[in-house]
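J.: Use the sequences and the hints to build the structure in full.
Counting from 1, one number per residue, gives the positions in the sequence shown under our numbering.
Be a bit skeptical, because a hint or two may be false.
Taking lysine to aspartate or glutamate pairs in the EDC-like style, the calculated list, with each CA pair at most 20 Å apart, reads [claimed, not checked]: (1) 54 to 165; (2) 59 to 78; (3) 277 to 307; (4) 51 to 78; (5) 51 to 61; (6) 51 to 179; (7) 244 to 333; (8) 366 to 168; (9) 244 to 331; (10) 366 to 165.
Calculated directly from the structure, the hints in this document are not laboratory data.
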Amino acid sequence: MQQESPLSEATPISPSSQQASIAASESNHNNDITSTKITRKSHRKSRAGCKNCKTRRIKCDETKPHCANCKRRQVRCDYYSTPTTTSTSISGNHDDGLHEAGALRISEIELTYHWTTSTCHTLSANASGAAYWQNLMVDVGFTHHHVLRLMFAFTALHLASCRPDRRDEYDAIADQYYEHALASVTHDLANINFSNCDGVFVSVQLICFVNWARRPRRGEYLAFGEHGRSEWLVMFRGVRTILKSRDVEQFEKTQAPNVRAKHRPLTLASEPDGYEKQFQELREHVSFTSGPAEHDDNIRAVDILQECYSNRYGGQDGEYHIAFSWLYRMDDDFLERLQQRDPLPLILYAHFAVLMHDMERFWYMKGWTHHVMSGIFAALPREHRSWIRWPMATVGWVAP
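T.: See the structure below:
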């Protein structure tokens with residue numbers, strides 16, 4: 001027999017007691033509901049999330065050091081950060097947490113493999129040049145970590161061009177490595193010496209490649225921009241600064257041969273129709289319209305540009321960067337006037353774009369010629385645009 005509770009004993013209950021009991025019961029019930037509402041656990045809402053998940057517009061669980069999505073896809077997550085106890089060096093010559101201890105960095109293995117088997121071969125038209133870039137990972141990259149990071153950034157951009165469906169992912173990886181390297185390179189460039197000149201010389205070249213590979217951007221036209229001097233031009237001129245400030249003998253064995261090297265000729269390209277006549281007329285126009293202060297610099301710019309044409313289409317010079325020797329040899333005053341969008345430097349820059357167009361066989365130069373030509377056309381006053389008709393027609397760009 002079930003035992004009765006002592007609370008169930010029969011006792012007389014008055015009407016007033018009954019009403020009080022009902023009221024107390026309702027009060028307790030309401031308190032229970034209120035208590036339930038107050039103590040109910042709410043779900044976490046957050047607008048945070050790693051960059052990769054935001055880019056792909058998927059929910060991020062925000063697990064650190066790697067969110068679940070990045071871990072599953074084996075890509076670097078924003079939440080990965082170096083331990084606060086790890087000492088770092090801005091020069092990039094010490095282990096500053098690039099690698100997570102005890103973890104297999106699949107993305108970096110992928111980038112290393114792709115650099116050595118594919119990307120390095122796109123940096124030169126010659127097998128010997130490709131071998132030079134391939135060996136730099138060991139010769140320089142392992143000593144100067146900003147070189148290694150820029151190699152990874154450039155390789156990630158190469159993968160982005162090869163795998164458009166994963167472009168956002170690889171672009172994010174490239175940005176992380178590029179930003180990490182830039183501060184170290186800038187510091188070493190300002191404090192260049194015998195021990196770091198090799199690494200800086202390679203890195204400033206890689207920065208130029210990375211900026212090409214990032215694809216054309218509105219307002220950035222390599223040698224000039226709508227918002228001040230371009231980052232690309234600063235680093236491109238940095239190569240000249242290094243070579244002028246240091247004797248070739250001060251470079252270590254990995255770089256001195258490259259500085260002295262005479263490259264093999266490229267395959268002969270088709271000579272642009274009528275370029276000699278065009279340069280004759282261009283020289284006369286520049287001579288007639290230049291002011292006394294700029295006359296000699298402008299004529300020199302025309303002569304050097306014509307020399308670049310003759311060397312390229314005559315088969316004498318033979319590497320990708322020979323096309324850019326014109327910008328390399330220009331004086332700072334001329335480049336400053338180009339930055340200020342002076343008509344004559346812009347006209348000459350449009351003729352330089354014809355040489356640049358020949359480089360579009362490299363994946364990282366795709367689209368740059370037409371982009372630069374569009375910037376020149378927009379910057380030139382209408383009365384000067386007739387002087388860029390020939391380069392426009394030669395590269396196949398049509399004004400809007």
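J.: Which of the numbered hints above does this structure break?
T.: As far as the earlier hints go, not one is violated by this structure.
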